[in-house]
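Colleague: Residue numbers (this note's numbering), protein chains in the order written: chain D, 1 to 344; chain C, 1001 to 1651; chain H, 2001 to 2309.
No lab work stands behind these hints, which were simulated from the structure alone.
Be careful, since some hints might not be right.
[Stated by the list, open to error] One-sided excerpt, in silico: chain D residues whose CB lies under 10 Å from chain C:
no.	residue
1	SER86
2	ARG91
3	ARG92
4	ARG111
5	ASP116
6	ARG222
7	LEU224
8	LEU283
[As the list claims (entries may be wrong)] Restraint-style ranges between C-beta atoms, simulated for each label pair:
no.	chain 1	residue 1	chain 2	residue 2	range
9	D	PRO110	H	GLY2069	55 to 61 Å
10	H	GLY2154	C	LEU1045	31 to 37 Å
11	D	GLY277	C	ILE1610	28 to 34 Å
12	H	SER2029	D	ASN12	55 to 61 Å
13	C	ASP1471	H	ALA2009	32 to 38 Å
14	H	ILE2299	D	LEU312	45 to 51 Å
15	H	ALA2099	D	SER287	38 to 44 Å
16	H	ALA2009	C	SER1484	51 to 57 Å
17	D	ALA83	C	SER1484	46 to 52 Å
18	C	ALA1025	H	THR2006	52 to 58 Å
19	C	ALA1051	D	PRO110	44 to 50 Å
20	C	PRO1592	D	GLN206	18 to 24 Å
This one's a predicted model, so the numbers in the text were calculated from it and none came from an experiment.
Here a beta-carbon is modelled for each residue, glycine too, at the ideal position from N, C-alpha and C.
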Amino acid sequence: MTHAPPLLDVRNLVVHFPLDADWLGRRKRAIRAVDGVTFQLAAGETLGLVGESGSGKSTIARAILRLVPITSGKVLFEGLDLATLSPAELRRVRRRLQVVFQDPVGSLNPRMTAGDIIAEPLHAHAILPRRSRSARVAELLERVGLRPEHAGRFPHQFSGGQRQRIGIARALAVNPSLLICDEPVSALDVSVQSQIVNLLADLREQQGLACLFIAHSLAVVRQLCDRVAVLYLGRIVEIGPAGDVLIHPRHPYTRALLSAVPGLSPRSSSTPVPILGEPPSPLSPPSGCDFHTRCPHAEATCRQEPPALRALPASRLGSLVACHRAEDLEFPDATPKRDPSASP
Amino acid sequence: MTDIALLSNPDSADSDPGTWRRVLARPPARLAAAWIVLVLLACTLGSIWAAPRHAEVELQAARAAPSLGEPMGRDLLGRPLLPRVLLGGLISLGIGAWAAALSMLLGVAWGSVAGLSGARVDAVLMRVVDILYGLPYVLLVILLRVALDGLLRQRLGWGHDLTQVTILLLAIGGVSWLTMARVVRSQVLSLRVRPFIDAARAIGLSTFAIWRRHLLPNMAGPIAVYATLTIPQAILQESFLSFLGIGVQPPLPSWGNLAAEGVSAINSVQSFWWLLAFPCGLLTLTLLALNIVGDAFRDVVESRATSFRPTPHAPPAATPVVRRAARSPALLEITDLHVNIWSGARCVEAVRGVSLDLVAGRTLALVGESGCGKSLTALSLMRLLPENTAWISGGRIDFAGVDLVALSERRMREIRGRQIAMIFQEPMSALNPLMSIGLQVAEAVRQRNGGPRSAALRESVEWLREVGISDPARRSRQYPHELSGGMRQRAMIAMAIAARPRLLIADEPTTALDPTLQQQVLTLLSDLQKRHHMALLLITHDLGVVAQTADDVAVMYAGRVVERGPVRDVLTHPRHPYTAALLRCVPRLDGPPERLATIPGTVPAVGADISGCRFHPRCDRVSDDPRCRSDDPPEEAAGDRHRVRCWRADS
Amino acid sequence: MLNRITRRALQVPIVLLAIYTVTFVMVVSVPGNPFQREGSRALPPMLEQALRQRYGMENNWTFYWRYLGRVLQGDLGESLQYDNWSCSEIIAAGLPVSAAIGLAAILIALVFGTLLGAIAALHRGRLVDLVATSIAVLGVSTPAFVIAAVLLIGFSVTVPVLSAGTWDSPLDLLRPAVALALAPLAYILRLTRQSMAEVLVSDFIRTARAKGLSQAAVIWRHALRNGLLPTLSYLGPAAAAAMTGSFIVERVFNVPGLGTHFVNSVLNRDQMLILATVLVYSTMLVVFNLLVDLAYGLIDPRIQSKGAA
């Protein structure tokens, strides 16, 4: 735990998407995509955001990047409140804050060469005179495992993994201090996924990058992240060190999520805990605790009062949970220890 | 990522330099383009000659028929027709082309602003378009024309002819931009949400820079397509207006008003065919040529799944039956299946001799990465390969003793949907959006045993209940878009098992779903399989799913099955280097974070030319044995029902 | 669903009012005196003032409101160029003919266009497809007056019974309607062919085939409805285009329709007749568009429900 101010400080972030304007332009309903999220990220640290569709994890990233408007709450980056910045100041801040997207096909302009794509941030922020830019592009290409001659090719001439590398090179071009990765490996094959995960780990060490890593694959998050936040319907239900949350979950949702991940050991002995029913609609979220409609341990309090995110008295390492029954519930270790004789 | 996606044309970037070459490669387009050039040259150059001559009235020679001196004869006032036609052509084509250019400019500007602005501005801009759309086109043009006339002639004192032409140009262009504005706006709206635009915004580019560098180049294709429609339209509009007498005014000629003179001449007893034939003929032929070139351009630019190429080979004759040793009779036995596809302009082999077998009541998982051919194999089982893009070029598929490859389409249809059923990856696109869920399931029921619709609908409600959809009666009346992703997938499963098939093929049924839903669907499939005693062929790329759900597994790489056998054997003691490497690559939840193992290189493209074993360029055991580089390894036994394709399987 | 219908229906009078206003502004801002024939002597101001008062056109403001009031009571005003004729009489004389030709043309275009387009999509690359595509290209490239002229000459010469210029039997309706129908037919043919071809390779058709349905059942029950949707939404613009084309066709065939009167009224600045005709045409178009929109909503359930999860 450092005492320096955090690199990224998100306080009570709320993002609502209005639907259905009537003919006067007044909004009637809204989707509560992010409903009061608070967390900090220190320099050099990697925080994973996990959750399923509708959990709001992508929206958080887009809100930090100012790609969607913030309904309420604060996002402080390097001490600056992003919402209060003028467009010129915001542009300067964007140099320090870059993003890698999920879709290797859609995240690159099909009409630009790889070199132009990577150089664009340099061009936009007027970094480096034009002559030096191609040298920098070549250097970046090599750093992500491609070759300088790839600079002249178009996206459709690359494979999915290679396109993702180009996206990473683009993000690194301006030397950001925070890299937001929005499901960067979800659309890739397994063998390519491991290459990109290793690449991200290496780059992070070399550059000392802080990273906000959004994924729905818990195993990938385990590999890359120092801390993990689990999201459900726009709120954090559990947050803490990755080793703690993913091995000793305290929240029923985290527990069910972990057991839903198909493990490699055939027909593992731990019986999976099925989550009953369908996720509730973000338009009409349940009363009290969001998860109570599907929670096998729900009680009366759970239906009435939303639980606050709090530290448990017995918890080590600063994990926080949002569950009324966190003290009572004892889960066996969610992930069985790996059997050394069984693995290849 | 299914390998079906690879079937689309890989080098189809719109409007690249090769496009025009491809357009002109087609004979009709070449001919049409030549005509256009000819007419343009004749009218432009000819007008220099024609300008002083076109208004010479000679009443005695009125209505003279074509002769050597006057190749197109003379008109009602004795003016020679040839110079009038040439000048008229220049004016008509000129007005049309420039009006089209103006309308595109206005349309792109208006549509871009509307698409990029907030909802309010967008609504206002498009309401204006809607209202202008509701006004009669003729009225708008006339009024614009009169207003501009007042402005240009009276205020600025322009000459009569130039004014006319300019006014008409501005009037037609000023009205035709409406549709272009709508097209551009919808393009902008759909491009705006693409991730690379988000990336550009995250970089910090201004809206104008994003429009210029990212949106405009990607709209160039559709805008060009629209231009090929707009230019002939504008020429047509000019001719309409001139015909009606409200366009180009005589004595200044245009093909439209010349046609009007020709038409008025018909109503008398004698036919003055030349007055009608020349202007009308030239106008029609030129418009025809422009449209042919436009059609060819659109075909080339938009060629995707709808491009048409006939299957080059007839399906192979049934190979003679080989009597197999009688073990537990396999329900499904695929022997040496080969499937070819079109990739660009080449014909390549995507499935190269796949052999599988599946016993009733068991689950076989077919696992592999993108491009390995697993989806194509599954579609081949159903004989549902996309026509004209992929076809079976060899092998047998024995299902309950019958070779499906050699079967007639009619008999295959009896098997499809009744004995073998299939569910697909994307339930939203795999269900008919215009039909209720209940009707779609009922359709499967009626396929099985006929009967009235009402009985089938009642049964379909039961099937929906069977797959775990709550409140099935109400849900059966709903449409696919009203259901969540998980429910849609369950509905598709209901549709498949309603036919009570003996074999269910599931092509990546959970890839598009969240982990918790994935678990529910997989549990459901296992339950249904046991309850209805089906065999299940599960296509997936997720090794975890294989471990949890399957009895047997077959691992595919680059069109071949490299290893197959019982799941427990293959996953704990993999013999093929690819299987072993793949298992090592999978990130684990247990244990501390560690550097992941990788397989160097990338999956080869479909049809790539690799000698010997397809995996050898990336294999970690390749160094010693020379056979790996030159010969394709055959399938060999490696344990009880465990088979491997590797020269070095024992190391 | 009801909500949507009422919402769309309520928009109709608003749109018509907007159209009226825009037209009015354009009509009165164009230079030229409605009371003065081109080229004749200028009217003495007293006479003009009296005329203006007679027609309720003293100034533009009163004209706007008074005319609006008259229209809402069913009175479309008087024509300035045709003395002693009220606009209603002129329109009543010409509109049925124009409307009949227009509707017949759209019907012909719709029926034959979709039929040919669907058949062409089902038999791609074969002779039928080639013929259909050729018809489409010809229909789009041949101006309506050329088709009309061909029909006029062709039928007068070869079948003297259907002589040009008379207007007695319903057969006289046919030639102008066919001339008008060819261009929209060509567009509908192309549109149908394209969208049917796309639908036939879509995922849900693959699912239907996987159920074991015969080709006929797949086409009839699944492909057609989805494939014809774009054509349905084209009907609105088709009607608008047919209107313009009708002016041409009426002139060639000497049809006593509304088109000629309209064109003349604009040229002569016959303000009330312009307003009357525009209102009539626009009402027809707007109502037609509304019906098309509603039909689309009936067929495509995705339009209606908003945000149901």
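Colleague: Now look at each hint and say whether the structure bears it out.
Modeller: Consistency of the hints with the structure:
Because the smallest distance between the Cβ of D:SER86 and any Cβ of chain C comes to about 13 Å, over 10 Å, the interface hint for this residue is violated. Interface restraint check for D:ARG91: the shortest CB-CB distance to chain C comes to about 4 Å, inside 10 Å, so the restraint holds. With 10 Å as the threshold, the beta carbon of D:ARG92 comes within range of chain C, its nearest partner Cβ sitting at about 8 Å, so the hint holds. At about 4 Å, the closest approach between the beta carbon of D:ARG111 and any beta carbon in chain C falls short of 10 Å, and the interface hint on this residue holds.
Given the 10 Å rule on beta carbons, the hint for D:ASP116 holds: about 9 Å separates it from the nearest Cβ of chain C. Hint on D:ARG222 holds. Least Cβ distance to chain C is approximately 5 Å, under the 10 Å limit. Here the hint on D:LEU224 is kept, as its CB sits about 7 Å from the closest CB of chain C, short of 10 Å. With 10 Å as the threshold, the beta carbon of D:LEU283 stays out of range of chain C, its nearest partner Cβ sitting at about 12 Å, so the hint is violated.
Here the CB-CB span from D:PRO110 to H:GLY2069 is close to 58 Å, well matched to the stated 55 to 61 Å. Between H:GLY2154 and C:LEU1045 the CB atoms are about 35 Å apart, so this pair conforms to the stated range of 31 to 37 Å. Our hint of 28 to 34 Å for D:GLY277 and C:ILE1610 is violated, since their Cβ atoms are close to 49 Å apart. Checked against the given bound of 55 to 61 Å, the beta carbons of H:SER2029 and D:ASN12, roughly 57 Å apart, stay inside it.
Between C:ASP1471 and H:ALA2009 the beta carbons are some 33 Å apart, a value that agrees with the proposed interval 32 to 38 Å. Checked against the hint of 45 to 51 Å, the pair H:ILE2299 and D:LEU312 fails, with Cβ atoms roughly 57 Å apart. Judged by the Cβ atoms, the range 38 to 44 Å given for H:ALA2099 and D:SER287 is violated: they are separated by roughly 59 Å. Take H:ALA2009 and C:SER1484: their Cβ atoms lie about 33 Å apart, and the range 51 to 57 Å is violated.
The beta-carbon spacing between D:ALA83 and C:SER1484, approximately 33 Å, falls outside the hinted interval of 46 to 52 Å. The hint said 52 to 58 Å for the Cβ distance between C:ALA1025 and H:THR2006, and at roughly 55 Å that hint holds. At about 48 Å, the CB distance of C:ALA1051 to D:PRO110 agrees with the hint of 44 to 50 Å. Hint check: C:PRO1592 to D:GLN206, Cβ distance near 21 Å, so the stated range 18 to 24 Å holds.
Checked against the numbered hints given earlier, this structure breaks hints 1, 8, 11, 14, 15, 16 and 17; the rest are met.
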